[in-house]
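Protein chains in written order, with this note's numbering: chain A, 617 to 888; chain B, 1092 to 1861.
In case anyone wonders, no lab produced these hints; they're calculated from the structure.
Note that beta-carbon positions come from the ideal geometry of N, C-alpha and C, so glycine has one too.
It cannot be assumed that every hint is accurate.
Stated by the list, open to error - Cut-off 35 angstroms, straight-line C-alpha distance, at most; resulting in silico cross-link-like pairs (DSBU-like, lysine-lysine):
(1) B:Lys-1718 x A:Lys-654
(2) A:Lys-867 x B:Lys-1668
(3) B:Lys-1845 x A:Lys-829
(4) B:Lys-1466 x B:Lys-1222
(5) B:Lys-1860 x B:Lys-1806
(6) A:Lys-754 x B:Lys-1845
Said to hold, decoys possible - Some chain A residues flagged as far from chain B (calculated, every beta-carbon gap over 10 angstroms):
(7) Asn-664
(8) Gly-718
(9) Glu-719
(10) Pro-744
(11) Val-771
(12) Asp-779
(13) Arg-817
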Amino acid sequence: MKATKKYIFGLNYLLIISLVLASCEEVIDITLNDAEPKLTIDGVISLNSPATVKLSYTTSYFADEPPIYETNATIKITNTRGTSEILSHVGNGYYIGQSLLGEVGIEYELSVEVDDKFYAGSSRLMTPTQIVDLSYTKFDGFGSSDEDEYNLEIVLKNNPQEDNYYLVKYYLNSSDKEETYSLWSHEFFPNDELIEFSPLRFSFTKDDFVTVKAYSIDEGTYDYYSQLDEIIDQRGGGSSTPFNPASNLGKGILGYFRAWSFDEKSIQVEDE
Amino acid sequence: MNFKKYLWLIIALYWLSVLLVTAQEKYTISGEVTDAETGEVLIGVTIYTADKMIGTMTNTYGFYSLTLPAGQQTIYFSFVGYKTQQKQLLLNTNQNIKIALQTNETALNEVVVKAEKKDKNITSTQMAGEKLDMKTIDKLPVLFGERDVLKTIQLLPGISTVSEGGNGFSVRGGSIDQNLILLDEAPVYSASHLMGFFSVFNADAIKGMTVFKSGIPANYGGRAASVLDITMKDGNMKKLQGSGGIGLLASRITIEGPVVEDKVSFIISGRRSYADLMAKGANQIDGDTKMYFYDLNAKLNYKINDNNRLFLSGYFGKDDFGFDDLGMDWGNTTATLRWNHLFSAKLFSNTTALYSEYDYGFNFGDNGSMQSGIKDVSLKQDFTWYASPENTLRYGLNCTYHIFYPGEFLFEDQSISDIKVAEKQAFESSLYISNEQKIGQQLVLDYGLRASMFNQVGKGENITYDDDNNIIDKEYFSNGQIMQSYYGLEPRLGINYRLTPQSSFKASYNRMVQYLHLLSNSTSGQPTDTWTPSTYNIKPTTVNQYSVGWFRNFFDNTFEFSAESYYKTMNNISDYKDGTQVMLNEDIESYVLQGEGRSFGLELYLKKKYGKFTGWISYTLSNTENKIDGINNGQWYSSSYDKTHDVSIVSSYQLSTRLSVSANWIFYTGNAVTFPSGKYEFDGNQVPYYTERNGYRMPDYHRLDLNIHLEGKGKRRIQSSWDFSLYNLYNRMNAYTINFRENETNPNITEAVKLSLFGIVPSVTWNFKF
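The following block holds chain A by itself, in its conformation from the complex:
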């Protein structure tokens, strides 16, 4: 078995350092090299939806203009039954399908051809989960802020027959982009019908409107997002050597292709 027993620890040791010591953060100017633009594939197929793939190239790190998109690719999605579909480019590097929709228990393969180079990877759509209950508790750890902070308590439906993995994204005030996300493996729960947890990395205040999306994902997607998390959320860390998360589309390519489904629920702190 691959090393899936990862990232159980909400307690990031280096995070503690930066919390405890009166440390000081400052945005700085730094000169970075510009690497050769490299192709990135961001592919997804969701339950009951067609596949969506975005192809773009890396830009210089501090660039604030949009990246260059790849618009001349041939992209095909195939399911385990042998049905396939060619995706069509709809602008800005986006390619979408129409007829082939995501189904539970099916594995999908995405293949991409760009400039006579082929990339292919697959992912399995697992049993969807359901947010059975969403509540909150007052957080009492390092109480350095003036306002009360809250943590979520989440109960998810789980299929005990499967090795399940979950990606849970947390949104504030109807924003399109999540504040942060956390990952949960079946190995850290009794394999019951219901699993519950409280993510410590996400806290909010009384005025926030909180939305939670719980994705049911396969093992490969879990590994990829775990690696991605180390790279994009370096709070206080940065002492371990950063790297490019390993793609399932082949070596020498960035990005990932995943099949998933999700459930969504929102909550707000009630007046006492």
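Mind docking chain B on chain A? Use the hints.
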């Protein structure tokens, strides 16, 4: 078995020594040198004849042995900070001479004692063995008012800080796990408290230390880069005495004294930090938050008679950190039982039994808990045979049983199966022999050989992995079965050629084999790092080092100057595949990548040892690179420990008998780090894109610290002193980390964010003695 042969060799050498003792027509004086006031034995006291032709030094136990021609002799006993004593004697038989040296209260006011042997640095064969006494350390400015031996050695050339405030250090391009840190001969596996900002060594309990960077003597082994040998105080043999200090972050107290005067003494020293209490007082943290460390040193010293001495010493320390029912703790325990025995005036023996343990644990409240650590039990036998005035032989053997428990996660919920990474066991044994030989008046050679052997023993499994970390094959071994063996022959050589009375040339070679590895995906070292033995998949690290140096004293030995240069090759140094999770990873061995490294450097060191103004300037120019398959496309890249320039200026000025001021200035090139050379979009995130490994540098680091030391008035029942320190006087915001991330308000903008730990930090400590 090979062992038997070696045992015979040692027995043969012993008998040979007994024969030679009786065969000589010269006579031997031997004994121990102590501090007259406390009875504490003194390490490194030079003993020499009036013509300086014959000399020796006291060993770690304060013992010396010197063989001289019969007749009238004048012997000098000299030690920094003490009055040199001379002894006239008519040598017509072997004699036991115990010497008690008086401290030189005015030593700092430059009382030149005639014939004091200040040129020890020139005459000693030890190339890079730097002895530090606590008096030097006492005066240096420190972070949060806690004196720290590990911080002090980082001010020496060739020894560099790995991260700000931290106790992890790199010696000549070596990694932090390549330093052998010994406390009364017991290895200390994790030498830091409170996130690495304090070392576990309570300065009050420590007598002194020696650090070796090259020409490492054959009696040391097991680590590839350096040895830091720390000796605890033995306890005052004359009278009950106490000392302590109250600081902003921690307080400490030490009590020592005789149980039976001049026969049995003890010392007990404790320290506790109270950062959490302070923070609670200031309402900075919640009431349930724990954040403290404590440690306890204790030693019992029993002089049975002139020929036998027994020491029992121990260390126990712990850090506790957490809030509510979540938390982590970690700590070391060491115990040493030693027996010094004199077989004859020329044959000194030391027998040691050791225990050392390091462990850490996590507590996840209702969810479960985790434990991990390493345990050592060890037996050692060392002989020093002062064979003749020209030859001093050292030989012995050592056997250690290691138990590694990489970790187990126990879930509170019984329905989840616990995660347990299998325990590992190993035997590490070694034999060594070396000879320090004087040839004529100018040349001293120290040559030796260490033979080491390492066996990983069952029960356990040797697992074969493919490139994708999948298990291909497993071979099972039952209890006690040998799973994997490694052997090492480690030659050591030191040459000291005295060019003139004031200068010498030294050269050395050493080969070191390291069988233990620290699994860590940070360079600076964290309490959660785990130790692993060399196994079927992980090979031992070997290092070859060549070093040359020129030593010169100026102005009647007031100034010491040295220039040293080294070249080092390293084999089987470890790194990891991208994104490896080290903790609780059952298949960690398949993620370890091994390759080679090389390092070279030039070290310049100018020291003023005597006078009102003392201090040193040290400068290191070095380059360290690694080449590991699977990293950086198999090309050479700068090691994380590579620091091009490293400068320390340490100074202390005695303004009056009561007042002294000291200052440090530190500068070093930023570490080699991996920064992004681009970015890409994935699932709405701006993700940094990395290309070359360690292709960038952190900004240069520099800071100035200041310390004012004020002694209390005259002789009182309780003598007190104050230390006022300012860390980072000009408030430079040095980078601790630089992170690359999206702007919090506009995620389309990416930015580099520098995290600095300390601006200017004032501190005050009150010290007392009674």
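Okay, the hints, checked on the actual structure:
1. B:Lys-1718 x A:Lys-654: holds (25 angstroms)
2. A:Lys-867 x B:Lys-1668: holds (14 angstroms)
3. B:Lys-1845 x A:Lys-829: holds (32 angstroms)
4. B:Lys-1466 x B:Lys-1222: Holds, at about 29 angstroms.
5. B:Lys-1860 x B:Lys-1806: holds (11 angstroms)
6. A:Lys-754 x B:Lys-1845: It holds: about 31 angstroms lies between the C-alpha atoms, which stays within 35 angstroms.
7. Asn-664: Non-interface label stands for Asn-664 (chain A): nearest chain B Cβ at 19 angstroms, farther than 10 angstroms.
8. Gly-718: Holds, since 16 angstroms exceeds 10 angstroms.
9. Glu-719: holds (22 angstroms)
10. Pro-744: holds (19 angstroms)
11. Val-771: At about 15 angstroms from chain B, Val-771 (chain A) clears the 10 angstroms cut-off, so the statement holds.
12. Asp-779: holds (13 angstroms)
13. Arg-817: The claim stands: Arg-817 (chain A) keeps its Cβ more than 10 angstroms from every Cβ of chain B (closest is about 13 angstroms).
Checked against the numbered hints above, the structure violates none of them.
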